[in-house]
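Q: As they're listed, the protein sequences go chains A and B.
Going by the numbering used here, the first sequence opens with residue 1, and the numbers climb by one from there.
Going by the numbering used here, the second sequence opens with residue 1, and the numbers climb by one from there.
Treat the hints loosely; a few may be bogus.
[Said to hold, decoys possible] Cut-off 25 Å, straight-line C-alpha distance, at most; resulting in silico cross-link-like pairs (SDA-like, lysine to any residue):
#, chain 1, residue 1, chain 2, residue 2
1, B, Lys-110, A, Val-49
2, B, Lys-99, A, Val-174
3, B, Lys-76, A, Val-36
4, B, Lys-99, A, His-35
5, A, Lys-46, B, Lys-99
6, B, Lys-31, B, Asn-159
7, B, Lys-110, A, His-35
8, B, Lys-99, B, Leu-82
9, B, Lys-110, A, Val-174
10, A, Lys-46, B, Glu-95
11, A, Lys-46, B, Lys-76
12, A, Lys-96, A, Arg-173
13, A, Lys-90, A, Val-126
14, B, Lys-99, B, Lys-121
15, A, Lys-175, B, Val-91
16, A, Lys-46, B, Lys-31
17, A, Lys-31, B, Glu-84
18, A, Lys-96, A, Glu-153
19, A, Lys-31, B, Gly-106
[What the hints assert, rightly or not] Ranges between beta-carbon positions, derived for each pair:
#, chain 1, residue 1, chain 2, residue 2, range
20, B, Val-120, A, Asn-120, 43 to 51 Å
21, B, Val-28, A, Val-36, 35 to 43 Å
22, A, Asp-130, B, Asp-164, 44 to 52 Å
23, A, Asp-110, B, Asp-164, 49 to 57 Å
24, A, Lys-166, B, Ala-51, 51 to 59 Å
25, A, Val-181, B, Asp-29, 38 to 46 Å
26, B, Val-100, A, Thr-180, 15 to 23 Å
27, B, Arg-153, A, Thr-84, 54 to 62 Å
28, A, Asp-170, B, Val-120, 29 to 37 Å
29, B, Glu-98, A, His-178, 12 to 20 Å
30, B, Lys-31, A, Leu-121, 52 to 60 Å
In short, the hints are calculated from the structure, not lab data.
Here the structure is a predicted model, which means the values were calculated and not measured.
The beta-carbon is built from N, C-alpha and C at its ideal position, and this holds for glycine as well.
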Amino acid sequence: MRVKTLGLAGLAALMLAGTAGMARAQGPSGKAWVHVRVEEGPRQSKVSVNLPVSVVDAALEAAPEEIMSHGHIHLGRMGRHDLTVSDLRKAWNEMKATGDAEFATVEEEDQKVRIARAGNLMLIHVDKTDGEESVRVEVPIEVVDALFSGQGEELNLRAGFAELKKRRGDIVRVKDNHSTVRIWIDEGN
Amino acid sequence: MLKMVLIGAVAVPAIAAGSVAATGVVVVDVKEARGGQHIVVPVPLALAQVAAAFVPMEKTHVRLPPKAVQYMPVAKQVLAALAEAEDGELVRVEEPNEKVSIRKEGDLLKIQVDDNGEHVKVQVPISLALSALPESGNQFSASQAVWALQHARLTEIVNVQGRDGERVTVTVY
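Excised from the complex, chain B in its bound form (with noise of 0.2 Å):
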C-alpha cells in the first residue's frame, strides 16, 4: 500500500511536470536596474492557453481592419518566400544614435534596435508568425497568438534592456 502511494506521490508531479514541458513554458524574467528587484515569472502555455479559453471572445479577439484582411494572403506568402529564401539582412536602417536591423537566420526574423542606449531585440521564428495569423476571417485570436509561442520553444523572442541597466527577457523553452 505504502508502495502505491510512494509511486503516486512521484508520478503525478512527473506526469505535471512532464506535460508542462511538453507543452512548453513561456519565462518573463525581470531585472530592476541598479540591483533592484529581480522577477521571475515561468508561465506553462498550456495553463495561459485553458485561461484564453476562459476569457470572453471579445476580450480576446481583436477585430482587423478590412486593409488587413485583405493583405493576409500576402504576408502569409511572404512569410513563407522568406522561410526558404537564403539567409541575410533584410532591412537596416542608420541614424545618428538609432540603428534597426532585421535579419533572417534560419527559421528567425531578427528584429534589434539600437536607440540612444536602449537595446531591443525580438526574435520571431517565421514559423510562428505563419501560425499566429488567422487562416480566415477578419480576427486575430489571442489564444491562437500563445498556441502559436509553441514554434519558438527554446527562443529568447524578447530582450529589452534600458538605458539605466534594467532588463526584461522573454524566453520560450
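Same shape as in the complex, but just chain A (with noise of 0.2 Å):
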C-alpha cells in the first residue's frame, strides 16, 4: 500500500513539477508565480521559494534532451510494479467519464488514502490516523486530461501546464507533526 501511495504522490509531484515548468509569460497568466513553502517546526526553519512561471518553463526549455523531449517527459515503466503511462492513461480515460466519484478509499491501521473526483478537481488526500499527518493534492481535471494526451510512455508536459496555469490557488498541501509544505500559484510574488 506504501508503495501505491508513494507511486501516486510521486506521479502528482512529477506531473505538478513538470506542468509548471512549462508556463509561458503570455496573456493573463504571464504574471504568475509558482510559489513553494517548507517550514518545520522543531528547527525554527522557514523555506520560501517563488518563481515566475516563465523561467521554470525556460529551465525545461533548455533542459538536456535525455531530460526533456520537446515538451514531453518520458517516464517507462514505474518501479516493480510496471505501472507504466499508457496504463495510467487508460485507468484516467475509464475514471474521467464516470464524473464525480470516490475512485480509490484504502483504510489501513495507520493511514486513509483517498482519491476522487470532485467537480473539475482530481483529488488525493492521505490523512494519518492519528491526524497528525496529511498530504493534499489536488489537480484540474483537464490539466491531468492534458498530460495524458502524449503518446505511449510520455505525458505532455506543455499541454499539462497550459492548463494548470489557469488554477490559481494550492496544488499541494502536506503537513506533518514537523513540517508542512505548500505549493501554490498565483499572481503576485
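Put the two chains together into one complex; each comes in its own frame, and the hints tell you how they fit.
A: Written out as C-alpha cells, the structure reads:
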C-alpha cells in the first residue's frame, strides 16, 4: 500500500513539477508565480521559493534532451509494479467518464487514502489516523487530461501546463508533525 | 614649444584617466576592525584584462565538469528569462540566527546572508552573469569573467561585514 501511495504522490509531484515548468509568460497568466513554502517547526526553519512561471519554463525548454523532448517527458515503467503511463492513461480515460466519484478509498491501521473526483478537481488525500500527518493534492481534471494527451509512455507537459496555469490557488499541501509544505500558483510574488 | 610640452603633460594623463574611466575600475576596500588598517586598491579593468592575457591558459581557465557543461544552456535560458521577469524575492531561508534572501531587482540579483552577526551582500547584474558564462566549450575563463565586470559599472558587487566590525567591499566604477 505504501508503495502505491508513494507512487501516486510521486506521479502527482512529477506532473506538478513538470507542468509548472511549462509556463509561458503570455496573456493574463504572464505574471503568474509558482510558490513553494516549507516550514519545519522544531528547527524553526522557513524556506520560501517563488519563481515566475516563465523562468521555470525557460529551464525546461533548455533542459538536456535526455530529460525533456519537445515538451514531453518519458517515464517508462514505474518501479517493480510495472505501472506504465499507458496503463495510467487507460485508467484515467475510464475514470474521467464517471463524473464525481470516489475512485479509491483505502483504510489502513495508520492511514487513510482517498482518490476522488470532485467537480473540476482530482483529489488525492492521505491522512494519518493520528491526525498528525496529511497530504492534499488537488489538480484540475483538465490538467491530468492534457498530461495524458501524449503518446505511449510520454506525458505531455506543455499541454498539462497550458491547463495548470489557469489555476490559482493551492496545488499541494503536506503536513506532518514536524513540517508543512505548500505549493501554489498566484499572480503575486 | 613650451605650449606643446604643457599640452602633452596634460593630455597624456587625461587620456590615460579617460581610458581607465571608460573601461572601468574595480575598487577593493578593506577596513579592519577597531580602527585597524584601511586599504583601498583600485584595479583598472583594462589592466586586469591585459594581465590575465599574460597568465598561462591553464591557470586562468577552469575546466567545467561535464554536467555543468550540459546544463550551461539551462543556466543561460533561466538567467535570460529572469532578466525579463517581474522583480521580487525568489528565495528566502530563515533559521534561528541565519537568514538568506535572494531578490531580483531590475537587472540585479541581490543575495543577502546574515549569519550570526556576519553580513554578506552580493549584487550580481544578470547581464554580468550571462556574459561570464562561456558561450561554448567546457572552460570558464577568468579573463572573460574580468571583462564581464564591465556590466557591473557603478555597482557595489560585494559587501562583507564581520562580527567584529571588519568590512570588505568590492565596487565596480
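Q: It remains to establish, for every hint, whether it holds in the given structure.
A: Each hint tested on the structure:
no.: 1; hint: Lys-110(B) to Val-49(A); verdict: holds (15 Å)
no.: 2; hint: Lys-99(B) to Val-174(A); verdict: holds (24 Å)
no.: 3; hint: Lys-76(B) to Val-36(A); verdict: holds (23 Å)
no.: 4; hint: Lys-99(B) to His-35(A); verdict: holds (19 Å)
no.: 5; hint: Lys-46(A) to Lys-99(B); verdict: holds (10 Å)
no.: 6; hint: Lys-31(B) to Asn-159(B); verdict: holds (11 Å)
no.: 7; hint: Lys-110(B) to His-35(A); verdict: holds (19 Å)
no.: 8; hint: Lys-99(B) to Leu-82(B); verdict: holds (23 Å)
no.: 9; hint: Lys-110(B) to Val-174(A); verdict: violated (30 Å)
no.: 10; hint: Lys-46(A) to Glu-95(B); verdict: holds (7 Å)
no.: 11; hint: Lys-46(A) to Lys-76(B); verdict: violated (29 Å)
no.: 12; hint: Lys-96(A) to Arg-173(A); verdict: holds (23 Å)
no.: 13; hint: Lys-90(A) to Val-126(A); verdict: holds (24 Å)
no.: 14; hint: Lys-99(B) to Lys-121(B); verdict: holds (12 Å)
no.: 15; hint: Lys-175(A) to Val-91(B); verdict: holds (21 Å)
no.: 16; hint: Lys-46(A) to Lys-31(B); verdict: violated (34 Å)
no.: 17; hint: Lys-31(A) to Glu-84(B); verdict: holds (11 Å)
no.: 18; hint: Lys-96(A) to Glu-153(A); verdict: holds (19 Å)
no.: 19; hint: Lys-31(A) to Gly-106(B); verdict: holds (16 Å)
no.: 20; hint: Val-120(B) to Asn-120(A): 43 to 51 Å; verdict: holds (47 Å)
no.: 21; hint: Val-28(B) to Val-36(A): 35 to 43 Å; verdict: holds (37 Å)
no.: 22; hint: Asp-130(A) to Asp-164(B): 44 to 52 Å; verdict: holds (49 Å)
no.: 23; hint: Asp-110(A) to Asp-164(B): 49 to 57 Å; verdict: holds (53 Å)
no.: 24; hint: Lys-166(A) to Ala-51(B): 51 to 59 Å; verdict: holds (55 Å)
no.: 25; hint: Val-181(A) to Asp-29(B): 38 to 46 Å; verdict: holds (43 Å)
no.: 26; hint: Val-100(B) to Thr-180(A): 15 to 23 Å; verdict: holds (20 Å)
no.: 27; hint: Arg-153(B) to Thr-84(A): 54 to 62 Å; verdict: holds (56 Å)
no.: 28; hint: Asp-170(A) to Val-120(B): 29 to 37 Å; verdict: holds (34 Å)
no.: 29; hint: Glu-98(B) to His-178(A): 12 to 20 Å; verdict: holds (19 Å)
no.: 30; hint: Lys-31(B) to Leu-121(A): 52 to 60 Å; verdict: holds (58 Å)
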